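Asks: So the sequence shown is numbered by the working numbering: it starts at 1 and just counts up by one.
It is worth saying that the hints were derived from the structure and are not from the lab.
Careful: at least some of the hints might be erroneous.
[Unchecked claim] Listed next, the in silico DSSO-like pairs over lysine-lysine satisfying Cα-Cα at most 30 Å (straight line): (1) K231 with K259; (2) K17 with K47; (3) K46 with K17; (4) K100 with K283; (5) K46 with K106; (6) K312 with K259; (7) K274 with K259; (8) K282 with K154; (9) K100 with K324; (10) K312 with K282.
A quick note: this is a predicted structure, and the numbers were derived from the prediction, not measured.
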Amino acid sequence: VYFKAMSLFAPNQNCLKVSILLLPESSLMSLACSLDTMRAANRIAKKPRFSWQILSIDGLPVELSCGQTILPDAAFNSQHRGDLLICIAAFHHQQHMPSKQLLLFKQRARPYRYLGAVESGSWILARAGFLNGLQATTHWEDLEDFSNQFSTIKVQPDRYVIDGGIFTTGGASPTFDLFLQLIRSRFGHTLALAVASVFIYDGNHRAHTPQPIVTLGLLQGQSPSISAAIKLMQAHIDEPVAISQIAAELSLSRRTLEKQFRAQLGISPLQYYKSMRLQIAKKLVLDSHNSMQEIALRTGFSSLAVFSREFKLTFNHSPSQFRKQAH
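Let the hints inform the model, and build the full structure from the sequences given.
Replies: Below you can see the structure in the form of structure tokens.
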């Protein structure tokens, strides 16, 4: 295993040379959370704490998931050297990094002292064998598939994971947290606090903070029973539990839980639960090779017919049509 040195997060006043390998359909936010933290650190420190270059597989412009095109500094090849290589990826990462390119990636990544991965970049590092025997994370929607596919990796549901000289993050916001930790560790607390202040960011999370589902992030400061109910729903996607059972777990009546959901979210807990399962199903339809029958089972629908009907009512297309249009 390479990249074992922990000195990436050790005090060091030298400029850290960073290469960012950007794959098509990546998130603009993931890129920005990497770049702008470094830029702000340099400006506040009034000296180069970081230098960086953006690379693409072939040197051609990279179209992100939002449609914005990023012009890279160069193609990713064996001539590039640096301290840290970060792979940023999101949708259809296997298509954008096929087996032949993966072999080249593995060869060209080795000269770097440290590796990082953002969101689906973890899949690239895992496929290349760099995460074998290590702890790692990826986006919460993919954690189960990631764990099933890579049995040698100790998959964690954390916002970000540091193991040896490799870090992995679950997405854009955890990447911001990771860079604040990097700045704090290398250059001190004062600089990290100043960078956070530039972006009016006071939600700094530590690595071991679990990734919540997206909706939970919107519920901070609201009813604890709502958040607890949603966590129970999330834990029982493939085998949904009755709303009355969820209410009982929270020492509430079903009627009280119904009232709280309608007051705070405008829908019933049953509607919310079904919407959550359908959103996860949509992700599987788009980003996995699972059959529709498998997806129906994994998201708790009693039959393929029921799943297809509910999917079409929500997304205006059958699951098969939805997958075909996306590809």
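Asks: State for each hint whether it applies.
Replies: Evaluated hints:
1. Restraint check: the Cα-Cα separation between K231 and K259 comes to about 18 Å, which is no more than 30 Å; the hinted pair holds.
2. For the suggested pair K17 and K47, the alpha carbons sit about 14 Å apart, so the restraint of at most 30 Å is met.
3. Between K46 and K17 the alpha-carbon distance is near 17 Å, which keeps this suggested pair within the 30 Å criterion.
4. As the CA atoms of K100 and K283 are separated by approximately 26 Å, the hinted pair is consistent with the 30 Å bound.
5. Straight-line distance between C-alpha atoms of K46 and K106 comes to about 35 Å, which puts the hinted pair past the 30 Å bound.
6. Among the hinted pairs, K312 with K259 is consistent with the structure: their alpha-carbon atoms are about 28 Å apart, no more than 30 Å.
7. For the hint linking K274 to K259, the alpha-carbon distance of about 18 Å falls within 30 Å, and the restraint holds.
8. For the proposed pair K282 and K154, the alpha carbon gap of about 26 Å is at most 30 Å, so the pair holds.
9. For the hint linking K100 to K324, the alpha-carbon distance of about 26 Å falls within 30 Å, and the restraint holds.
10. This hinted pair checks out: K312 and K282 have alpha carbons roughly 11 Å apart, not beyond 30 Å.
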